[in-house]
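Listed here are the chains, written in short residue letters.
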Amino acid sequence: MIEKKQQIYNKLGLHARAAAKLSHMANMFSSDIYLIYNEDKVNAKSLLGILTLAASVGNEITLQAAGEDEKDAIAAISDLFDRKFDEES
Amino acid sequence: MIKSVIITHGQLGRELVQVAEKILEQKLDIEAIAFDWQGDGSSMIAQLEKFIARNQGHKVVIFTDMFGGSPSNISTRFINANVEVISGINLPGLLKFFCCGEHNGHFRQIVKKVEQEAKDGINIISEYLGEKK
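Sequences listed follow chains C and F, in order.
Here the numbering used here is used: the first residue of the first sequence is 110, the next is one more, and so on.
Here the numbering used here is used: the first residue of the second sequence is 497, the next is one more, and so on.
Chain F extracted, bound-state conformation (with noise of 0.2 Å):
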């Protein structure tokens, strides 16, 4: 079983999962993290600690809102072969961890795909409509 926390400055991680959950219409197993503005990022450290250390025995994918943000920068020391970080995610992003069945699968398959998808979710429009005409 994967999974999984976001962390973000303010509250732009509980907010996207609010919106994830009203589109998929369902609760998410997700935990949010916000980045205090005020502090050094200690309590978000131990946020983190308590979040990997009550999964024991389970994958992790921490979401990050961008890369080399203190969110992202601090994740990155949680990296091993059962926990994975993904900078920069959206509502593709996690809509494709959530949806689908995606959670069945190889974990680095898993969090290739979301990172992907995520990716994919970043079009100019116009060049993407021209592109299809």
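Extracted from the complex, chain C is given alone in its bound form (with noise of 0.2 Å):
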């Protein structure tokens, strides 16, 4: 099990279609995938799981995954909050 900090990028956070993107991405790989948010820990391959944590611009939550392909579930999703969700250029 793996986990990484990662910081959000994009100005409208974790909203709908950030969220459809990432519960996309999180379904490509076999590995348990969590977003950790203060108390909160959701499935990230839940789209209404992922809207359940409300996180905003500017906010740090904790991606962890378990599995066979873990390192790369990871390195993907953190690379998709990192291009801001392609969102903004």
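Read the hints as simulated data drawn from the structure, not as lab findings.
Careful: at least some of the hints might be erroneous.
Unchecked claim - Here are the computed lysine-lysine pairs in the DSS-like style, where the Cα-Cα straight-line distance is at most 30 Å: (1) F:K518 <-> C:K193; (2) C:K120 <-> F:K615; (3) F:K499 <-> F:K523; (4) C:K150 <-> F:K615; (5) C:K114 <-> C:K180; (6) C:K120 <-> F:K518; (7) C:K150 <-> F:K608; (8) C:K120 <-> F:K523.
Using the hints, put the two chains back together into the complex; each one sits in its own frame.
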């Protein structure tokens, strides 16, 4: 199991479209993947779960993955955050 | 493969699909049928019959806007081992159906997951936040 701290850079935070992209990407991996923010831990493969975090720009969350492709999963998801979900140039 | 159709009063279904397409950034494979306010439902029945005939060999989910309403009542007559109706569909439920490989699995499990996600998407926010504190 690996974890990585991740900053949210996109202005709208983990809103619907970003959550859709994130859950879509998480589902491409076999590992169990979670997002942890404050006291909440949600399944990154659940769009609605991600939305319940109500995480905004500037917040720091923890990405957690456990499974065969955990490293690739964290790298790909982290890259999506760093790219601001391709919402901003 | 699961095929889907949404049947609602007015253009509610079409709008819901358009919003889901915007969020998921993809064209969704779903047909939207609007209930004809002036009619007796026969046009809706005909459209549903055609849809199901066209998708023979597939599982079919019919989404409706409200249990007990005409779209839902008419859809109910089509229920069988391959056709299920989910009433009261909302955005979370629809997104669950189309997002994230939810079509992988047993038909019954998939419709149950969609039903649950739609229900979970309804919250009194102050109570929800209170529970989280």
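Going down the list of hints, with the structure as the test:
At most 30 Å may separate the alpha-carbon atoms for a hinted pair to count; K518 (chain F) and K193 (chain C) meet this at roughly 18 Å. With a C-alpha separation of about 29 Å, the suggested pair K120 (chain C) and K615 (chain F) falls inside the 30 Å cut-off, and the hint holds. Only pairs whose Cα atoms come within 30 Å are accepted, and K499 (chain F) paired with K523 (chain F) is accepted, the gap being roughly 14 Å. Taking the CA atoms of K150 (chain C) and K615 (chain F), the gap is near 20 Å; set against the 30 Å cutoff, the hint holds.
Annotation: proposed proximity of K114 (chain C) to K180 (chain C) holds, straight-line Cα distance about 14 Å (limit 30 Å). Using a Cα cut-off of 30 Å, the hinted pair K120 (chain C) and K518 (chain F) holds, with the two alpha carbons roughly 18 Å apart. Between K150 (chain C) and K608 (chain F), the direct Cα distance comes to roughly 23 Å. Compliance with the 30 Å bound is thereby established for this hinted pair. Restraint check: the Cα-Cα separation between K120 (chain C) and K523 (chain F) comes to about 26 Å, which is no more than 30 Å; the hinted pair holds.
Hint check: no violations occur; every hint is consistent with the structure.
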